[in-house]
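Participant: Here is what each chain is made of, one letter per residue.
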Amino acid sequence: MYWVSVFTEAGIFAILALGLDVIWGWGGDFDLAFYGYLALGSYLTFVLTIGRPTPPVQYILGWHLPVLAAIVVAMVVVVGLAAVIGAIALRNLRDIYFAVTTLGAVSALYLIVENYTPLFDGYNGVYGLINPGQSALNLTYNGYRIVFLVIVLALLFLAYLLVQRLSRSPFGRMLRAVREDERAAAAYGRKVFWAKYRAYLFGAALAGLTGGLFAIFISAFNPSAWTPQELLVIYAAILVGGRGNPRGVILGVFVVYIGFIELTRFLPSPASRPDFGPAMRQILIGLMIILMLRFRPEGLFRERPGLDRAPRSARRRLSGSIGALATASAGSTDATPTSAPAATAAPPAPPAPAGSAADEGGPG
Amino acid sequence: MNTFLVSIGLGLSTAAILSLSAVAFTLEYAVSRIANFAHGEFLTIGAYAAYSGQTIFHQNVAAAAAIAAAAGAAAGLALNAGLIQQFRGRSAITVFIATLGAAIIVENVLVIIYGAANVTYGFSQGTLHHVGPFLWSTSDIEVIISALAVAGLIYLLLQRTRFGKAVRAISQDRALAQVSGIPARRIIMQTWALAGAVAGFAGFVLADTVGTFGPTLGFSFLLLTITATVAGGIGRPYATFGGALIVGLVIQIAGAYTSSAYQLVFAFLLLVLLMLFRPNGVFVRRSAVAVRA
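Taken in order, these protein sequences are the chains called A and B. In terms of this note's numbering, the first sequence opens at residue 1 and continues consecutively. In terms of this note's numbering, the second sequence opens at residue 1 and continues consecutively.
It cannot be assumed that every hint is accurate.
[Claimed, not checked] Pulled a few chain A residues facing chain B out of the computed Cβ check, cut under 7 Å:
(1) Phe30
(2) Val84
(3) Asp95
(4) Ile96
(5) Val100
(6) Asn115
(7) Thr117
(8) Leu119
(9) Gly122
(10) Leu137
(11) Ala279
(12) Ile290
(13) Leu293
[As the list claims (entries may be wrong)] For each label pair, taking beta carbons as the anchor points, the in silico distance ranges come out as:
(14) Ala175/B x Arg302/A: 27 to 35 Å
(15) Phe266/A x Thr212/B: 54 to 62 Å
(16) Gln85/B x Thr264/A: 46 to 54 Å
(17) Tyr257/B x Pro118/A: 14 to 22 Å
(18) Phe193/A x Ala78/B: 55 to 63 Å
(19) Thr258/B x Ala220/A: 28 to 36 Å
(20) Ile8/B x Phe157/A: 58 to 66 Å
(21) Ala78/B x Ala87/A: 35 to 43 Å
(22) His130/B x Ile112/A: 56 to 64 Å
(23) Phe193/A x Thr258/B: 50 to 58 Å
(24) Arg302/A x Ile113/B: 34 to 42 Å
(25) Val76/A x Phe57/B: 55 to 63 Å
(26) His130/B x Val72/A: 54 to 62 Å
(27) Leu287/A x Thr212/B: 47 to 55 Å
If you're looking for bench data, these hints aren't it; they were derived computationally from the structure. A virtual CB, placed ideally from N, CA and C, is assigned to each residue, including glycine.
Using the sequences and the hints given, assemble the complete structure.
Facilitator: Encoded structure:
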């Protein structure tokens, strides 16, 4: 039964990672709000299915919806939240600014959920067994766990097929084009914001779904379940597997979750120091992120070129020159923030005009 | 009215701590062109170093502050040499993610050394004073004075010394600075040490002000720091003090009228508004421009 639960968890996180990979792997947007979508999906699945709260406990709604309907409603609400955050964060902001804005948004959500108890009972969180169909199928608890694993794996397979198909579709290729060079993609008539925005909403929908599955799986959810560290594990898994490659991402999640987390359970954890094991695991996750980024940023499985027509060698030369352009223009953008539109218009901006604001002296 | 004035007083002392942290963050950005997500960890390291030091130096505040600054400087040097320089030439977001990894490592190393539970300094907060319309404790006043002193020192350092001139040159254009004979590598190293020292000191001050702290002290302060930095305009050390003032006042005043638990929510709302309308800082007279760091 232990391995059933390990595989179920890995399967759920693999679906989550597929969603995140559409945003980060293809879209190139480092989203730190993503785990918040899983959390919201999870909370909503609970309050929509477990019924009225008993007095000391309090949360909103408290309906008795069928689980499937509840998950769909949860996904819709999650996508709605992502639509707001994405509209703010994706419009003009990129890279670090995008990451920081999404981190701000999810932190605000976290604080509100934690402190405003009428919402999801604050720090205590919500809990309840929602095992859809257990009594109808007349299953024991353990039997149900196995059925649930099969459902999760089936959903994972469906999500994989969907993402794989999307990956080769014009939409997937457009997203990658936008990631590689927004200006070029815009020049070819691609609507940069819409491409990224749709990818963002798609990813959030998958996060909402995993939130629902997670609710069924762990039958309790509170703020300690969605601390920022949780998301880093997913990013680490994507990095290991291969950013942008759905098959690699799934493999990465299973490698990181099963091979790594399960192995590190056997780290020495003295009884006097109960926090030693988890802390050690976090340290290894951090190390893994840094080492992958430094030495093998493409992961175990390289992103597949899809239907790009140019041969590999040409693509490499091309991406090299794009990289050079990007650094050149980034340099001038950084030096004088106000000259950003100019740099956008003329990519290979020489460093000279950047120095024109000499009196500014860097520090303002 | 009284609530309002008291919260302004609190806002000023919050702004003082925030300005220390934010000016260090912006200095790191100015020379290395990266947003350091492990910046909060400099504060945590400073706070814990002072915690370890206070037992040796018997509650001497000045010694504890010096230890915090030294530990922060060491952390700054280590991060720059061990991580930032290893990622030279990589995209800003890649380095950002790497520093995120570093942050998680440092935080958990501290958990292993000191435990996850909160610890407390033994320093006395002093008595409460009425200063004009404000109500401050002795340590609040010390915080504000030391922040002003550090601000003055950084100003002199950047404006009046060869080192400062070199830092400004590098922040404008590293390649150009290098061909003009500025030892960019060394200057950047020194800047990271300086930023680390200021951040370590800020961590000590922050920990002393909030009273009790744990390994997530710096991380939870990071978003406030970033908000203040963005409010001032990232990479602009002097404007950062203005940004810190805005953020400090906003969260304390808004917190006073709602609940202090929601202080950070207001900070994040402020951050989002800034990102939407003034991503280059409130002191830049320009409408929002696309930011592609």
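Participant: Within 50 to 58 Å or not, the Cβ separation of Phe193/A and Thr258/B?
Facilitator: With Cβ atoms ~34 Å apart, the hint is violated.
Participant: Hint validation: Gly122/A versus chain B, beta carbon distance must be below 7 Å. Holds or violated?
Facilitator: violated, 10 Å
Participant: Can we keep the Thr117/A interface hint, with Cβ of chain B closer than 7 Å?
Facilitator: Nearest chain B Cβ about 11 Å off; hint violated.
Participant: For the hint on Leu137/A, just tell me whether its beta-carbon gets within less than 7 Å of chain B.
Facilitator: Violated: closest Cβ of chain B sits about 42 Å from Leu137/A, beyond 7 Å.
Participant: Hint validation: Val84/A versus chain B, beta carbon distance must be below 7 Å. Holds or violated?
Facilitator: violated, 10 Å
Participant: May I ask you to test the interface hint for Asn115/A with respect to chain B, counting a Cβ-Cβ separation under 7 Å as satisfied?
Facilitator: Given a least distance of 4 Å, the restraint on Asn115/A holds.
Participant: Range first: 35 to 43 Å. Now tell me if the beta carbons of Ala78/B and Ala87/A are that far apart.
Facilitator: For Ala78/B and Ala87/A the Cβ distance comes to about 40 Å; the hint holds.
Participant: Against the range 58 to 66 Å, how does the distance between the Cβ atoms of Ile8/B and Phe157/A compare: consistent or not?
Facilitator: holds, 59 Å
Participant: Is 46 to 54 Å respected by the C-beta to C-beta distance linking Gln85/B and Thr264/A?
Facilitator: violated, 29 Å
Participant: Does Ile96/A pass the interface check with chain B, least Cβ-Cβ distance below 7 Å?
Facilitator: holds, 4 Å
Participant: Is 27 to 35 Å a correct range for the gap between the Cβ atoms of Ala175/B and Arg302/A?
Facilitator: Between Ala175/B and Arg302/A, where Cβ atoms are some 32 Å apart, the hint holds.
Participant: When the nearest CB of chain B is found for Leu293/A, is that gap smaller than 7 Å?
Facilitator: holds, 5 Å
The structure shown violates the earlier hints numbered 2, 7, 8, 9, 10, 15, 16, 18, 22, 23, 27.
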